[in-house]
Structures are given as C-alpha cells and as structure tokens.
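S.K.: Protein chains in written order, with the working numbering: chain S, 1439 to 1632; chain G, 1439 to 1632.
Simulated from the structure, these hints should not be mistaken for laboratory data.
Values in this document were obtained by computation on a predicted structure and should not be read as measured data.
Any given hint could be a false lead.
[As the list claims (entries may be wrong)] Chain G is nowhere near these chain S residues, computed Cβ spacing over 12 Å in every case: (1) HIS1492; (2) HIS1493; (3) PRO1509; (4) ASP1513; (5) GLU1525; (6) GLU1589; (7) ARG1606; (8) LEU1621.
[Stated by the list, open to error] Chain S side only, calculated, beta carbon under 8 Å to chain G, not exhaustive: (9) ILE1569; (10) ALA1572; (11) HIS1585; (12) ARG1587; (13) PHE1592; (14) ARG1628.
[Said to hold, decoys possible] Pair ranges (Cβ atoms, derived): (15) S:ALA1550 - G:ASP1473: 26 to 32 Å; (16) S:ALA1461 - G:LYS1474: 29 to 35 Å; (17) G:GLU1525 - S:GLU1617: 24 to 30 Å; (18) G:LEU1520 - S:GLY1457: 55 to 61 Å.
Yeah, the Cβ is synthetic: ideal placement off N, Cα and C, and Gly gets one too.
For reference, the chains in residue letters:
Number of protein chains: 2
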Amino acid sequence: MSTIKRRPGRRPGSADTRGEILAAARKVFAEKGFDKATVRGIAREAQVDPALVHHYFSTKEGMFAAAMQLPFSPDLVYSVVLDGPREELGRRLVTMMLTVTSEPETREPLVALIRSAMTHEQARTMFREFITNAMLYRVADRLGIPHLRVEAAFAQMFGVLMARYVLRLEPMASAGREELVELLAPTIQRYLTT
Amino acid sequence: MSTIKRRPGRRPGSADTRGEILAAARKVFAEKGFDKATVRGIAREAQVDPALVHHYFSTKEGMFAAAMQLPFSPDLVYSVVLDGPREELGRRLVTMMLTVTSEPETREPLVALIRSAMTHEQARTMFREFITNAMLYRVADRLGIPHLRVEAAFAQMFGVLMARYVLRLEPMASAGREELVELLAPTIQRYLTT
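Sequences are here, hints too, so could you generate the full structure?
M.R.: See below:
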C-alpha cells in the first residue's frame, strides 16, 4: 500500500491518514461546494492517491457526512427509506432523525453546519447541494414523488430540530421521542405518499 | 402633550419620537429578553413618559413586532386564526405567512432576527420568549389545543421559510404560493385540530 501514499515516512492506512483526508475534504467542500468537489481533488489536497480515498470512503456523500461529522449519512437515510413497508415510512424517518440527534455530541456538528449555512454563503451553497443532490432528490426519485414533497418533509424535520435543540421551545424541547413520532410521522408519511 | 415628554425642545408625537422608542425597545428587549422587558422600562430608556409609549404601541407584543420590523404581529396572527371557519385555519395561516414574507424588504428583518437567534444566546432568549409567550401559547390556548401541536405547526412553517428563502432549496424556492398552500395547509390544519 505504500505506493499509493505520496508523502514519505508516514504509515498509510493510519488514523492520521484518514484524518488528513477528512481535513482535506472539509477544505475542498467549503471552497468548491458539494457538487464541484471531486474525490480526485480531495486526494490531491490530502496528497494521497485517489485509491486510498476510495479505500476509506466509498462515496463522496459518505465522505461529506464523515468530514462534517453528521449524525447520519445519505446511505443511512436510504436504508431507512427502503427497509420496511412504505406505509410506515414517516414513522421510520421521524424515529431515525430524533434518535441520531438525541445526544448533544452527535447533533452538535449538524447544528454547527446548519448555523454556518444560515450565516455564510459558501457554507450555504455546500449544505444546499449536499441536502438536495445527495439526499432529497435521490429519495424523491427512488420513491417516484415530486422533489417539492420531499423538501416539505425536510422542512418539517429541519424546523423541529431547530425548535427542539436550538431555539429550545418548550414543550417541544422536553417532549418524549414517542410523543413527537406520533405527532410528526403522519405529516412525513403524507408528503412522501403521492 | 408636551407634559408627557421629558426631554425639552423635541416635538412629541414626531416620527423621531416613535423611532427613539423603537430604538430603546430594541435595546431593552435584547438586554432583558421579551418576558422581562416592560413598557415602563422601555419608556425610561427612551426618556419619555410610559403614556407616550402606549400612545404609539398598545401592547408590548406590537412594540416588539415594530421594533424588529417583523412582517407580522401577534395581532395579525390572532385575527387570521379567528377570522374565518376553523376548518380553513391551515389554509389561512399558510397563505398569510407566505404572503407577508413574499417581498425581500419585508422578510429580511425576520430572517435577520432568526439568524441572530440561531447564533447568539441573548437574541435566542428574546426570540423564544416572544414566539412562545406572545404568539404560540396564546394561539394554542385560544384554540384549546396542546402547546406542542402549535409548535409542530410553527416548526413546519419555520422550516419552509428557511428552505425557501435562506437555504434556497429548489424547487421550493421558486414554487408558486398556491402550490405551497395546497401542500402545507393540510399539515397545519391537522396540528391545529384536536
């Protein structure tokens, strides 16, 4: 494997290499946005062979989720969408979103990304491209429903996460997960059902 | 009226006086939050008599909306809630929110307030207290439904405004108002109906 690592004197495959790739990814995603960033460009920035990037991250989407320390990846979202009956899709998605954001350590990177997207144009472009092209459009196309309906579902969950964890509106901030699933799942179900 | 204005040499009731009261209101709301701010404290900050503040703004809620240049006031929200059949409440509220935010000039102050609430603790407290105590709880109590349901409706509309105007997700950013009303009104209607 040492042939695919250009910098001498560093062990390939170490945690350090993975960390360097992720640092390079954060830089390239921030500069180019999600759409224009490439595995090749990130490998160049990290001074490693593209094959090594592929070794750690099979997709650009997965690399983005890891670089931003998101509590979920597009792959997780697809598996939740596809893994179970369609009539329980709303319940599965709401449960997943509330579960992966329930711990402060896992949700803080997501909240930080959203905060930058709200206030910085570059971060906004990157977040928008990732959310739409890597997640929402693909879910919509897979389900055969209009993109707008998936964005309405996204808007509901985005608003709930902001109200619960950032604005901390009561009683939403303290509400139990089950109560929120009961309340929100029918909304998501309706949007994702033509 | 000159007896109720303490500073000499300035005409009471001028646009300037109203502007000074609003500037004082912004300062006091930011320092104390919405709940602890008082008309008396704002009058003191503006160096005018409280009666003059009442002359311009009948309620603290209205003063907050004017100070922050919000495109809607609690009074507008209540009148939309109460003015028409309950089974069309969702449609009326979604139409109102999309209409008052349709022009960049009217929605920018609201977006600016939300941005600060997302990033600054003081602004967040002020926004939270205003949203809950001055708006959502009162709407919920008036309709006789749990506070959590009104917050779910708020979260949906908050998420839509962020997706449409800040993140600018397509197709939501360019969708027509009528199409969005069709899509979103049943959600709001369901939350606000026990």
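S.K.: Which earlier hints turn out false for this structure, listed by number in ascending order?
M.R.: 6, 7, 8, 10 and 16
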